[in-house]
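Using the hints provided, position chains Y and W relative to the given structure of chain V.
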Amino acid sequence: MTTRRKSVAVAAFAASAFVLASCGTAGGGGDEPTDEASANLADTITIGIEQTPDAYNANTADANSVYNTYVDNVTQGSFVQVLPDGTVEHDEEFGTFEKTSDDPLTVKYTFNDKAVWSDGTPIDFDDALLTWAALSGTHPSGEKAEDGSEPDLFNAASTNGWAEVEMLQGNAGDKSFTMVFKQPYADWEVLGSGFMPAHIAAEQAGLSTDDNGAELVKAIQDNDTAKLKKVADFWNTGWAYEADLPSLPDIALLPASGPYKYDNASNGTLTVVKNDKWWGTPAKTEKLVFKTVNAEEMVQALQNGEIDQFDPSNATADMVSQLEGLGDAVKVEKGESLSFSHVDLDTGKGGKFEDQRVRQAFAKCIPREDLVDKFAKPVFDGAQVLRLHEYLPAQAEYEDVLSQVPSAKLYDAVDIDGAKALLKEAGVKTPYDITFRFAGQSQLRADQVALIKASCDQAGFNIKSTPDNDVFTTLTHPGEWDAAVFGWAGSGLIASGQSIYVSKGAQNYGRYSNAKVDELWDQIVQVTDPADAVPLKAQMEEQLWSDLYNITLYANPGLTAFSSKVTGPAYNPTQYGGTWNAMEWTKSL
Amino acid sequence: MTDQRPSSEGHERIEAQMERLVATDTDVLEVEPAATAIPVAARSSARTIVNRFVRHRAAMGGLVALVLIVLLVFSSIGIGPIPGWWPLDYRVPQAILNGGKPTLQLWPFSLGAHPFGQDNIGRDYFALVMAGAQQSIIIAFLVGVIGSAIGTVIGALAGYFRGWTESVLMRITDVIITIPLVAIAAVVAKGANGRGGVWLLGLFLGFVTWTGLARIVRGEFLSLREKEFVDAARSVGVPSGRIIFRHILPNTIGVIIVSATLAMSSAILLESALSFLGFGVQPPNTSLGQLINNYRSAMGPRPWLFWWPGLFIVAIALAVNFIGDGLRDAFDPRQNRQKA
Amino acid sequence: MLVFVARRLVVSFFIVLASTALMYVLVALSGNPLQRLLEYNGPGRAERIAARTRALNLDVPVPGRYVLWLQDVGRCIVPGGDDCTMGLDAQSRPVLPQLQSAIGSTLRLVIAATVLALLLGVITGIVTALRQYSTFDYGVTLIAFLCFSLPLFWVSTLLKQYVAIDLNSWLANPEMTYAALLGVALIAGLIWAVVIGGERRTRLIVFGVSAVATFTTLFVLLTTNWFRRPTMGLLGILLIGLVMAFLWAALFAGLRPRTRRVLYSALAAAAAGTVVVALAGPLMRSMTWWSFIAVSLVIIGVGVAAGLVGGGHVKRLAAQIGGLVGVTVVVLMAIDQMLGAYPYVYRRTGGRPIPTTGSETPNLDGNFWQTNLDLALHLLLPTLAIMLISFASYTRYTRASMLDVLNQDYVRTARAKGLNERTVIVRHSFRNALIPLATLVAFDFAGVLGGAVVTETVFGWSGMGLMFQRGLTNVDPNPVMAFFLVTAVATVVFNMIADIAYAYLDPRIRLS
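Residue numbers (my numbering), protein chains in the order written: chain V, 1 to 589; chain Y, 1 to 340; chain W, 1 to 512.
No lab work stands behind these hints: they were computed from the structure. Just so it is clear, the structure is predicted and the values come from calculations on it, not from any experiment. Keep in mind that a hint or two might mislead.
BS3-like mimics (lysine-lysine), calculated; alpha carbons at most 25 Å apart, straight line [unchecked claim]: (1) V:377 <-> Y:227; (2) V:429 <-> V:349; (3) V:374 <-> Y:101; (4) V:377 <-> V:429; (5) V:349 <-> V:516; (6) V:114 <-> V:175.
What the simulated footprint calls covered on chain W by chain Y, stretch by stretch (three residues with Cβ under 8 Å from a Cβ of chain Y suffice, anywhere in the stretch; the number is not a length) [unchecked claim]: (7) 15 to 26; (8) 57 to 67; (9) 283 to 293; (10) 461 to 475; (11) 482 to 489.
Don't be surprised by glycine CBs; every beta carbon is placed ideally from N, CA and C.
Same shape as in the complex, but just chain V (with noise of 0.2 Å):
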């Protein structure tokens, strides 16, 4: 026992000692840090995103993670830009366009000169045209698909406004192109963007890249399908990552028009530097890296300086409270994105808001403010109700178009008793049972639905909160649901709308119709000038909005947080992200 102690005794003594020995001798081995690194530390800015970037080319259909954008805002040149209030702007520095007529409608487009490939190729009419032959999907495949229709040859994400697009007259080599509209498209001004290297796409076809690209703008002018389908399987494929983006393919298939080029990527981290072929305004930082994070742990990746940026797509309250306690070392830019909340109701023969009075008297107990209180005040104090469908308070036609609309104002606040009494007139038996379905496991959801119910059981109704984790299949089978709340990506286009609002359109789930509002439709989906929606616009949100068409709650919040060190950042309501303008930033040590 003893011995045993003993030598137990002396082992820690001997272990203190070995602690002890291990402070001793100054300048051991091993490099000593350069100079080099550190002066290197400023030239890097870390931006995370939620998912990995999936493909080079994020116009096919298979191209899936919508942080694609983020990377392309600083790799690829288009002819516009939308910033965050939803206006366009015109990038000059890529190229100039103008419209010189309206009927038929027509557009100029010019590339800059000077405009080229990071592998030095210029940028010029086969890009263009490749453009239009991926995008206009006039190319079928000639296989059937076994619904019968016919798959075009290039896989594309969508056709909208290409496809009105006739093909573009020009010979290989031109530095502009025009562009002629079959018929009228109201958000012709951001077409201008998009473009693949067509020297790539044919040289991997097997075509010849000679005469700038002569051979591929003749194969696509007489639609030539032989060729033709090995670019398009190249252009569908051919620019995909892999799954979790191990590494990047060979970067010389991956040439880039804007600041900054691709130069590598590990473990689903995407680097890309400057663009020394860059014609434009030099980028102000040396490399960009592209970090994928989990959404909820992105709070302590930069805490810890694992990541310099980030913007959520689910901002959350606990999240800005979370950033706020960093105090100083964080800043936090918020605002109104221009996606938005809102529940729907099945408006259709036989559903349970068949009646417009039942439809008022659920928009009378639905506690608005108290939703926007609670979720998203939080976030960003300037939050308010949303009154209107296809403006948002990020715009700036919001305020104008509101004052022109006076239903929308109706159903400010909550009322009990006139929600009561119009379940009476309408003669609906109370309690009036109401299938309430949501996205599954989305907490949010799940309160604002409790708090719905909390409110709208006192006026009559009966509300069934139903979780649903394949809520958008529900919606489409009518009788299945009665409402539910989710939410629209607005994406501050004029035309993107149509389809939740006509007859019969895929996302009008509650199989609204109105003759007036479709006409109205008709209408605006062929103006030139995007002034002339607005007035349109006007009238259909009247309508919708005393028909009761569904019930908006608010745009929802965003944020763009960053280290204190960096400078730039600024928060994009659009869709295209935090990065916008990520050519801009600086970061100091």
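For chains Y and W alone, kept in the frame of chain V given last:
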């Protein structure tokens, strides 16, 4: 683990083990994953076991704590339609007082309006934590009972009948054992989601957490079936079912109880892991795991939302673990007599 | 033996087959892979649905789909199979490359956690068994039960806050008030006193000595700014190497006159190893894995040689201990080099070297030691998190097993015939107590992989756990199945190895 470790019962036992090892050499392994081994229950009278358990201070502490927690949890907000003594409903939002901060005061003791504070929309957090704890306890209980029942039956059949029955049942066990528990639980929980509440989740989890016990019970049966009293029963024509349930099973009850206890504590943690991965209990239902996961980012700004459910999870799991330890010592006191 | 392995392989094959079939069906039933596309109303909807249906063979009923998946996996087993994809994911990308990049980082995590947990768990378990019912024993039991009762992601959140963020802030400006210093010293003293125990006087002495030692050490480290520029140096390697050599010799050979030569040769091995480290100095900057292995082998070889030359009649034991000392010196050398690399990593991470997310610092551009230090720092938090639970179970298990062995007749006999306590414990009990642990480790492996699912999600590791979690969330069956395939194969293989090791360690068991 029972049947591979050399034990103090002498050569006879070791030989019996060897025989078993030879007979079952294709088994993946004969180990139970719990922390410590559970040797064959010493055949002591129930009273001795209870006495030993009562003397085990940590276990008694755990038992008292658990009883108090269960009483608190079920009496405060009531069970189903039966109301409890706490006036606030966990589903109903209240006006938010003082930023939702907790009003609990320890000295002088007072609960205040919202002892644990209020959540995002003003629901009483005490009532929510109680409701979550109820769900977590229900899940743990279901998993413990169902898992143990399945494990016991499979282990008993395999151990008693041997031969084909054993091969088939043990291969099935081996198959389940190759899959990490969290992973298989996540898959079945995802399947259970949206189809039913916690009862279904508990049921499904019970279906995948029986493997450890099945192996242990089989080991016990392999050893007990060779004993004289079983031979005696068999020779006077007692049917197999009766031998299994009336003669052998009571002798393995210690192992089963201990294992069921530990299964319950790990089920609470399993549920919280599933909530974190997004496959657990869904709102508007609630559970302790779901509450902590929801308010993980509230740790700094509103710590009570993060700590209270966490504290309850740890308290329940800790209490159950100590009870399990005490039970193990009570059923098998061999290690306690040892003085090094 | 061969027959045993062959039989086990066949059985294992069918077990894996059945387990993957079961999981395939369960995964297929857990959701509809087309769900997200059905929500989508834009152009190309039909094509996307068609493409996904093709990629995942959704037009085939589930059992047929499983067979097709098996074919995809089978192509990987057939040599020279070019079509080896392990199936396609929902975006029509092959799963195999994803698995290849994921498996490496997961293994790094799992192995680091297992090895550390095993080491610490076994040591703690043995000490608690030897000192059953001491304060230390109760303390460890409480900690172990606490570890069993903590939700993994809950702990991870706390670890990030307190171990990474707060420690980083401290490291940026390492200073302690004297009160804090004293507090740490007293706590350290208390811990040592509790660990060593004994009579009151012994405890007081241990308490005093370790408190003073801790205080002095910390004081010196702080005043020399060691935490900003940590270093050990050749002298440090030599000193610590000698102390460790003494400890190993004392532990495994005893300090009796008969084994004195073992002690001397161990000390010589430490000194010689340090000389090799010094000679290898020029290699350090441009170290690669190959040269590292070469240097390590030389150092270990020198240690073994020292034992053989100086060991006299206990040559074999001396050589074994010499080898152990060699390994120690290699570890010390690596630590020394990594300490030297610390300032570089510190700068490249903006002064916050302990990360909370990810598995490496992007664009580190470091040399061998800098890169490895960075990897080690990234491993720190997730390893700690996974380790806690394994550590608890190894501690409890080793304790129980050790108590059981100490209670055996042969141990009593050994004591009765007058063997000293060291011999009884190290040579007679320790080894036998460890035998059953072999199977536990194998068993625990699947559990640790399960823990990795949670840990990787918290710490943003792009490993297999994340692949599983995301695959299941997005109802993308093939990446999920790749995860299950790896865990199933790993589990059966590890169990087979464990059984073979078991038979090897325990002569009473024969494999037939």
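If you test the structure against every hint from before, which numbers come out violated?
1, 4, 8, 9
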